[in-house]
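Undergrad: Chains as they are written, first to last, in the numbering used here: chain U, 97 to 248; chain C, 60 to 257.
There's no promise every hint is true.
Pairwise CB distance ranges, derived in the manner of DEER restraints [stated by the list, open to error]:
| id | chain 1 | residue 1 | chain 2 | residue 2 | range |
| --- | --- | --- | --- | --- | --- |
| 1 | U | R127 | C | A140 | 24 to 30 Å |
| 2 | C | D251 | U | A111 | 38 to 44 Å |
| 3 | C | L142 | U | T179 | 27 to 33 Å |
Derived coverage of chain U by chain C (criterion: at least 3 residues anywhere in the stretch with Cβ under 8 Å from a Cβ of chain C; other residues may be distant) [as the list claims (entries may be wrong)]:
| id | segment |
| --- | --- |
| 4 | 101-109 |
| 5 | 122-131 |
Please keep in mind that the hints were generated in silico from the structure rather than gathered at the bench.
Cβ atoms here follow ideal geometry from the backbone N, Cα and C, with glycine treated the same way.
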Amino acid sequence: MNGPELQLLEALDRASPPPPAAPITPETLARRARNVRRRRVAAVAAVLLAATGSWFATAAAASDARADEPSPVARQVAAELQTLHRRVDALLARVSAPTTETLRPPRDRAWLRYELARARADALVALDRPAPAAASGERAVPTDQPTEERIR
Amino acid sequence: MPDLATFWNDARELDEPRPRPSTAASGEADFHRTLCAEAPRLRRLVHRLLGFTASAGDLDDVVQDALLAACRHRDGFRGEARLSTWLTRIALRKAHDFARRERLRRRLFAWLPGGRAEHLADPPAGAEGPDERLLPARLALQQLDHKDREVLVLRYLEDRPIVAIAELLGCTRAAIDARLSRARQRLRARLDDPGAAT
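Chain U on its own, in the form it takes in the complex (with noise of 0.2 Å):
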């Protein structure tokens, strides 16, 4: 090599090997791949947990606003999120455990994250439709009750 910083450079190179490592085998790479999946899986899924929980505080309160009950579909939505409230709960549950999983291409993040916009579009549409009973002309409850007696 030419030049003195050059020179410097190739006998810090000879000084400085890195340092041991154990050898890398596919089992490390399944390992690595696994935990790398369950991190970003765990972070997906709070985020969902996140999101539907806010979604269930925002429907309350829209459910209060209102003079009526909340529609049979409102409730359906409701029911149906608590459903995936719990099914992510328990996937949290499922990625923490030891798997024999293998390598495999992640598509897990973009398919929440695609679910998630389906189920707020889904359940706000049935949300802004008007409740049977008011549609229909029957009595609705009066609204100077608390919301709890009101849904009894």
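Place chain C on chain U using the hints.
TA: Below, chain C without anything else, positioned relative to chain U:
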């Protein structure tokens, strides 16, 4: 309503992989073995690219990330270049990402109260005490921009021809020549005046 059955099926796949045809599985196992055989070479390259300061854990992280990326994007390898070239390109990108994250982390530590502003002269974990004569060179190399270090390492330590470096970095030969020349100038300047860059 959302298709919860599909959701659940997809979630189940996270810990219950689908069985694969045996030929595909054996091809994949061969591919993984080939990748693992490249690991020591990539580790050496990453060690040089990071200025000889990365700890064993950091080196493992970068190399394993590179190998995992190769597994994920195996379909993207079209066979136009050699597998080792393709892997080197991925490792260069991962090392670059790591260097950028480290830079950000250092800035954050410097900004936090009581944080350490710089730990450029820290020896890698488990390393022997470096030769006193080489300390200025090491410091100068670490102070260089990652892109400068990259071309210096590829050209003078990995001994790769300019054409090969141009192919690896996706630049023209002229661009690599110019980068090399600038990198050498900066390295020389830092060796002459170590305090100038800090």
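Undergrad: What hints, given by number in increasing order, does this structure fail?
TA: 2 and 3
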